[in-house]
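All chains should be built: construct the whole structure from the sequences, respecting the hints.
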Amino acid sequence: MNQTINVDQLNSALTSLRTLRLSVSHVFETLANGLRADHGEDGKEKFLLELQELLTNVNINLRDLEQTVTGLPIPTAPFNLGNTTYLSQETTQERQGLYTQLVNSYKWTDKIHEYSSFAHSLLSQNSLKRSYINSGSTKRRGKLQSTHNVSPLQVDNVINNIDRSYNDMKITISRPYASNAVVQINLSHVLKAVVAFKGLLMEWVMVRGYNETLELWTESRHHVFRKVTENAHAAMLHFYSPTLPELAVRSFMTWLHSYVNLFSEPCKKCGCHLHHTSLLPPAWRDFRTLEPFHDECKQ
Amino acid sequence: MGVTVLQQYPVPEHKTGTYVIELLTKRILALGATQQGQFLVDCESYLSLPQMGSTKTVHILHNSEQPASVFSILESGTKNIHVIADGLFDLLMMKLSQHYTSKKQTKIESKGPRFELGDFCVKFGSVTMNQNFKGILIEVEYRPCVMANAVWGLLREFLQGLLGPSITVQPPQHLLSRMNEIYAPIDTIYQYLEHFSAYRKVTGLRSA
Numbered sequence: 001m002n003q004t005i006n007v008d009q010l011n012s013a014l015t016s017l018r019t020l021r022l023s024v025s026h027v028f029e030t031l032a033n034g035l036r037a038d039h040g041e042d043g044k045e046k047f048l049l050e051l052q053e054l055l056t057n058v059n060i061n062l063r064d065l066e067q068t069v070t071g072l073p074i075p076t077a078p079f080n081l082g083n084t085t086y087l088s089q090e091t092t093q094e095r096q097g098l099y100t101q102l103v104n105s106y107k108w109t110d111k112i113h114e115y116s117s118f119a120h121s122l123l124s125q126n127s128l129k130r131s132y133i134n135s136g137s138t139k140r141r142g143k144l145q146s147t148h149n150v151s152p153l154q155v156d157n158v159i160n161n162i163d164r165s166y167n168d169m170k171i172t173i174s175r176p177y178a179s180n181a182v183v184q185i186n187l188s189h190v191l192k193a194v195v196a197f198k199g200l201l202m203e204w205v206m207v208r209g210y211n212e213t214l215e216l217w218t219e220s221r222h223h224v225f226r227k228v229t230e231n232a233h234a235a236m237l238h239f240y241s242p243t244l245p246e247l248a249v250r251s252f253m254t255w256l257h258s259y260v261n262l263f264s265e266p267c268k269k270c271g272c273h274l275h276h277t278s279l280l281p282p283a284w285r286d287f288r289t290l291e292p293f294h295d296e297c298k299q
Numbered sequence: 001m002g003v004t005v006l007q008q009y010p011v012p013e014h015k016t017g018t019y020v021i022e023l024l025t026k027r028i029l030a031l032g033a034t035q036q037g038q039f040l041v042d043c044e045s046y047l048s049l050p051q052m053g054s055t056k057t058v059h060i061l062h063n064s065e066q067p068a069s070v071f072s073i074l075e076s077g078t079k080n081i082h083v084i085a086d087g088l089f090d091l092l093m094m095k096l097s098q099h100y101t102s103k104k105q106t107k108i109e110s111k112g113p114r115f116e117l118g119d120f121c122v123k124f125g126s127v128t129m130n131q132n133f134k135g136i137l138i139e140v141e142y143r144p145c146v147m148a149n150a151v152w153g154l155l156r157e158f159l160q161g162l163l164g165p166s167i168t169v170q171p172p173q174h175l176l177s178r179m180n181e182i183y184a185p186i187d188t189i190y191q192y193l194e195h196f197s198a199y200r201k202v203t204g205l206r207s208a
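These protein sequence lines map, in sequence, to chains A and B.
Going by full-length UniProt numbering, the first residue of the first sequence is number 1, and it counts up by one from there.
Going by full-length UniProt numbering, the first residue of the second sequence is number 1, and it counts up by one from there.
Check the hints yourself; a few may be wrong.
Take a look, some chain B residues computed to stay more than 12 Å from chain A by CB distance [stated by the list, open to error]:
| hint | residue |
| --- | --- |
| 1 | V3 |
| 2 | V11 |
| 3 | Q35 |
| 4 | Q51 |
| 5 | F158 |
Ranges between beta-carbon positions, derived for each pair [said to hold, decoys possible]:
| hint | chain 1 | residue 1 | chain 2 | residue 2 | range |
| --- | --- | --- | --- | --- | --- |
| 6 | B | T16 | A | L214 | 24 to 32 Å |
| 7 | B | A68 | A | E203 | 36 to 44 Å |
| 8 | B | E194 | A | L214 | 29 to 37 Å |
| 9 | B | V169 | A | N149 | 51 to 59 Å |
| 10 | B | H14 | A | R288 | 56 to 64 Å |
| 11 | A | D168 | B | A184 | 19 to 27 Å |
None of these hints come from the bench; they were simulated from the model.
Where is the CB? At the ideal position from N, CA and C, for every residue including glycine.
The following block contains the structure:
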């Protein structure tokens, strides 16, 4: 790995450069001041001696610098700074400090990312979750990519792939507000759902009836779809996995697809379509087996 | 508009229709339903005059659930053709009186209280033809679902629970062919017409 620059070496080179500069400025300072009172009687001699000493200092420092610089590897290509190169073209005075701020904030986010991934792996070992733990997914902490800042193309790919794997579930993507996707799902003739995404993370779900218009913020007028919306929120939180966002979306869609038999399949526990008090069909689906249950019948 | 099932409810001997409807009302209120006004479905039939060839019957129906529409069904041999029009259609039928004559004595209607219970809408209608009581029709609509096939088991369970085990619940004849279609208001009208035609054939009069 010759490409990566040894930071320690670079740092020592920079320090020696700084000391060289310091010693040179010392020389010029002494020269500018000329003879001073503390040089005494034969001030000329003393002044020359002092100057000579300072110049040898410069020499030593220069040699130091040369040594450290020859130790440095030669970069093969010019550094690619991405979009930040344009910052150098900034002409206004107060904005020229932006680059340092940028680098600092980058370091901060990098650290936060690192700490949070450590925290995530620690927290997932302690079973704070009240529902089933999908331990398989938490172990693989391979590549750490950001999940809320994904290119629209990638989001489209993930969702279109899911769309293709179901015949009776139609998924359409729209982007009414900037780059974040709002996904409409038509599940057979049973229900419609709308899911708001932030990058690849699901942020909001609303389920409404087949004969209703889709809206993100108004609840359905049917009791059963209000119940399904409530359960969909629980599922969205259950499947939430910032390290493997694609898996989370896919699992949620599989779960939502199991509502295709919302009205036709009786509850697995009591065997009835309607619960005797709520008069609702089984509006809950088990996260693993996808079996239908009444809210009151699941343990 | 959800899937709707129309079910005949027998009136026992020595009991009146009002008594049975009161009994059913008490039962559904005990389940937690709220009454939401009244409903009315009426049907008038017109016969074409002989000079137009073979006689055809046109049934004109109104449903208080779709107050701005007039439903008309033309019976021509094996096929039934329906037209859904505005309220003005009634006036048009008056203009056509030289081709179609109204059979006033067969004007039949079903009316009674309307209840809402969760996502269900239940109507208890007493059927009268020319002020003569004919029987009781119970309409149950499950509003969230639009496919009869998917929701039939659920509706049967609800009807059995409401009407008791002595009543056998069968899918209506009209729905059998349309189990996998999206339910429309005209499907309810066809079911009413089916039952009304059956009531017209029954000659015996009952006291309301």
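Structure-based check of all given hints:
no.: 1; hint: V3; in the structure: violated, 9 Å
no.: 2; hint: V11; in the structure: holds, 27 Å
no.: 3; hint: Q35; in the structure: holds, 17 Å
no.: 4; hint: Q51; in the structure: holds, 45 Å
no.: 5; hint: F158; in the structure: violated, 6 Å
no.: 6; hint: B:T16 / A:L214: 24 to 32 Å; in the structure: violated, 49 Å
no.: 7; hint: B:A68 / A:E203: 36 to 44 Å; in the structure: holds, 41 Å
no.: 8; hint: B:E194 / A:L214: 29 to 37 Å; in the structure: holds, 35 Å
no.: 9; hint: B:V169 / A:N149: 51 to 59 Å; in the structure: holds, 56 Å
no.: 10; hint: B:H14 / A:R288: 56 to 64 Å; in the structure: holds, 58 Å
no.: 11; hint: A:D168 / B:A184: 19 to 27 Å; in the structure: holds, 21 Å
Comparing the model with each earlier hint shows violations of hints 1, 5 and 6; every other hint is respected.
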